[in-house]
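Trainee: Respectively, the protein sequence lines represent chains A and B.
This note's numbering numbers the first residue of the first sequence as 1 and each following residue consecutively.
This note's numbering numbers the first residue of the second sequence as 1 and each following residue consecutively.
Calculated directly from the structure, the hints in this document are not laboratory data.
It is possible that part of the hints are untrue.
In the SDA-like style, the derived pairs of lysine to any residue whose C-alpha atoms are separated by at most 25 Å in a straight line are [said to hold, decoys possible]:
| no. | chain 1 | residue 1 | chain 2 | residue 2 |
| --- | --- | --- | --- | --- |
| 1 | B | 376 | A | 208 |
| 2 | B | 96 | B | 123 |
| 3 | A | 285 | B | 449 |
| 4 | B | 376 | B | 341 |
| 5 | B | 77 | B | 210 |
| 6 | A | 285 | B | 210 |
| 7 | A | 285 | B | 410 |
| 8 | B | 77 | B | 40 |
| 9 | A | 285 | B | 341 |
| 10 | A | 285 | B | 37 |
| 11 | A | 285 | B | 439 |
| 12 | B | 96 | B | 119 |
| 13 | A | 285 | A | 41 |
| 14 | A | 285 | B | 116 |
| 15 | A | 285 | B | 43 |
| 16 | A | 285 | B | 376 |
| 17 | A | 285 | B | 420 |
| 18 | A | 285 | B | 435 |
| 19 | A | 285 | B | 454 |
| 20 | A | 285 | B | 340 |
| 21 | A | 285 | B | 550 |
| 22 | B | 96 | B | 118 |
| 23 | A | 285 | B | 451 |
| 24 | A | 285 | A | 167 |
| 25 | A | 285 | B | 408 |
| 26 | B | 77 | B | 141 |
| 27 | A | 285 | B | 40 |
| 28 | B | 77 | B | 43 |
| 29 | B | 376 | B | 427 |
| 30 | A | 285 | A | 208 |
| 31 | A | 285 | B | 433 |
| 32 | A | 285 | B | 436 |
| 33 | B | 376 | B | 364 |
| 34 | A | 285 | A | 314 |
| 35 | B | 96 | B | 43 |
| 36 | A | 285 | B | 364 |
| 37 | A | 285 | A | 161 |
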Amino acid sequence: MSAPHGAAAPTDTEGQQQEPEQARPSVIRRLGLQRYAILIVFAAMIIAFGADIPGTFLSIGNLSNILGGQAVLFILVMAVILPTIMGDFVDLSLGSSLGLSAMTLAVLNVQHHTNVVVACVAGIGAAVVVGLVNVFFVVYFDNDPFIVTLGVMTIVQGIIYIISGNNSVGIVSTNLSDWVFNNSFLQIPLEFYYGLAIFLVVWYVLSFTPVGQRALVIGQSREVARLTGVRVNRARSWAFILGAAIAGIAGIAYAGTNGTVDPTAGSSLILPAYAAVFLGATAIKPGRINALGALIAVYFLAAGTAGLQLLGAANYIQQIFYGAALVAAVTIPKANRDRIFKKRRAA
Amino acid sequence: MSSTGSGTPGASDEPISPQEPAASGEQTSAPPAVEVRNISKDFGSNQALISVDLSIGQGEVVGLVGQNGSGKSTLVKVLSGVYAPEPGGRLFVSGKEVPLPLLPGQASEIGLSFVYQNLALAGGLTVLENLTLGQRIGGGWRSWAPINWLGEHRRAAAVLRRYGVRLNLDQRTGELAPVDQARLAIVRAAEDLRRYRTRTGNTHSVLVLDEPTVFLPEEDVENLFDVIRAVVAEGAGVLFISHDLVAVRSITDRVVVLRDGRVVADVPAGGYDEQALVDLIVGISARAAQNAAAEEEAHPVETALAPKEPAGAPTQGENVVVEHLAAGRLADFSFEIRAGEILGVAGLIGSGAEELPYLLFGARQASGGTLRLGGKTLDIGGLSPQRTVRERIALVPADRQVYGLSEHLALWENIVMLVEDEYYRGGVFRRGELVALAREAVDRFLIRPPQPHAVTATFSGGNQQKALLAKWLIARPRLLLLHEPTQGVDVGARRDIYRFVKSAAALDQTTVLWVTTDFGELAEVCDRVIVLSEGRQVTTLTGEELSDDAITAAALRQIREVR
């Protein structure tokens, strides 16, 4: 590493150096605080609930309930991450992809007595078709993803009502339920491990490969990525398709967990999934949507809800807790920063 | 002409003593509509304006000409309240002094109205909506009163008729021809001035037109002038800023020439032919001497530091031959760059030169042409950035914040973007090695502060630009395309960037295409410069002929020849 002979340009380096140096303490403080903020609150929450209701909250049963009970949401969150990280901030249709997958499986398995494995594959296939439709209208025609996926979500929801006759369909093969929910490993239902496996793949690809790095650049500055030779539209297409496929898997898990499939299955899950993704973006790598942060966020929200319910809160406390946590997580770091900046300006 | 500056053709760069403050006695005895005296503006050590005096009479069209960087746009920004001039400058409106600096938005309250090159029209709105936009701002209860669109329509039609402009009021503005958009912008500005006069009872007002003709073909320029004449007939003064000396001579009454921040001439438009004006604009420059001094401090820098040589990479550089390139303004444009040569392409805005790097990179679609790089011939019309990156063609775009660097990523992530794949081996992403590579690049490209993990947006413009150059140079490009590589970059970083590019050309035989409107820069770094006008190449300058002034003169002269 031969440093260039001519030394740094003498006069202006000083001026240039000052600016970032001034900003440095606040950046580090902010990062240090923010990065692990959710984990700290998470730990505090567990201690608080644990002290209050040790018998129920700190039981294996509750752990199993939290980890297993949120597996469907957890898998859907991994689906939501993919298009979101590429800068296509909403794929609203992922919830209905989940519903379509579950309903296809249920209708084939229950009403047409199709083999459950074939029905599962068909369910995932149906979800992938939804993803392809999104690609066609969002990427190929360069439309706003919000508008297109809003339309596609509505259409798919309508299709679910048609194929189900607007009824819950069940009960799906107990084989499936066994492999998803009833059997467990270390007292935690198997579906949690499926979610964990999907998480590990998504996490590895997004955080530890050039593919993930490119996805990040596409999400942060699409034009920079394009002019660096990245195949932007191909990557976005894959994100929509794989996202839909993972949502389809979430649909299978949903059917296996509940036994019967409700026509409105996916629509109630999509907003909590987005809440977890955006809440996760405030942790581990602040400002970046990341898989590990999303994992923590999902179980932070699940544990919080479970604790409140054990304390006697009603079921709908979940919605309030999710919404409040999300808004608080994105606001608190900003409020902090502005206060710091104002002080500095006044000084 | 008491206001005539001391400048004459070929005058030296002696400072000019402030003019007599007395009214710049045009034929009218009334005070000038707008007069500025002793306006100076420093940017650090760089003096953009030095004691500039300028007056615009009522009903007078004054041309303002000068090279890029001579201070024209700085003066406009002082008038519009964007910049605060140095203390001592004074502004008189209709003989009454207005304290400087102006607040943003204050210009419209003293009877000044501006039309910039980008026209500030909302393309998605209709002609009528754009025309009445100025009446929609301002708060109070009027914001809640219903808009009478039928009445607005009638009044707007009357306004357009008064200026002799025929437009469909319900058409989307974005669908209008460029000249009609320019006319609409001017009518809107003139209408704002007329309302100002009726509102205040004042008789003065000045319309400032900043490069309104650059994108227009000749026959349309004449149409535009009809509108300007209609505006003048109403009593407004006009300040007309342009590179187009033919246009300046045909529409203006008086021409003010700026050079290096000073007024070097203030003369009647009819009194000088174009050649004399070009001489006034260019003057005699001492820059050549400065360039020689700068040359000495330049040492070559080893810029290629990616340790892994891509397979089959040539050690010798390759010639680049572009043939029959056609796209937009460019028609059948051919040129060659030798291995290790830095070729400059000069041209005024709208000449087509600024498209060239993007076309050759495949970022914008060309309609035809071939690019021969080494042994390979590529169809320029079918290029895409993915393809050209694989051929190791590099593009350093002008707008680095949008196209060059991802601002929210860490600096190292931006620097290594193109070589990441080489550091993914056996399922493991060698992040540490990438950071080390970026650290080495930071050292070698003198990026300050040397913190590869800092967020890119926190670095100064010059350091960001060095990082952008590093990003492409560590990928060992065969052809390096640069567009305005020193835009918004301080002097020290500018020297460094020159040095890095020259080193890449000298040590790695990288072929370089350098496009900028800063002609002094081209004269300093390029081996050869071709000058474009209206999409055609007219002049090639090499060796001794290369100077800021020669390039400027060529570019200006071409406009005259083409028109």
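Trainee: List in ascending order the numbers of the hints, as given earlier, that are violated by the structure.
Mentor: 1, 2, 6, 9, 10, 12, 14, 15, 16, 20, 21, 22, 24, 26, 27, 29, 34, 35, 36, 37
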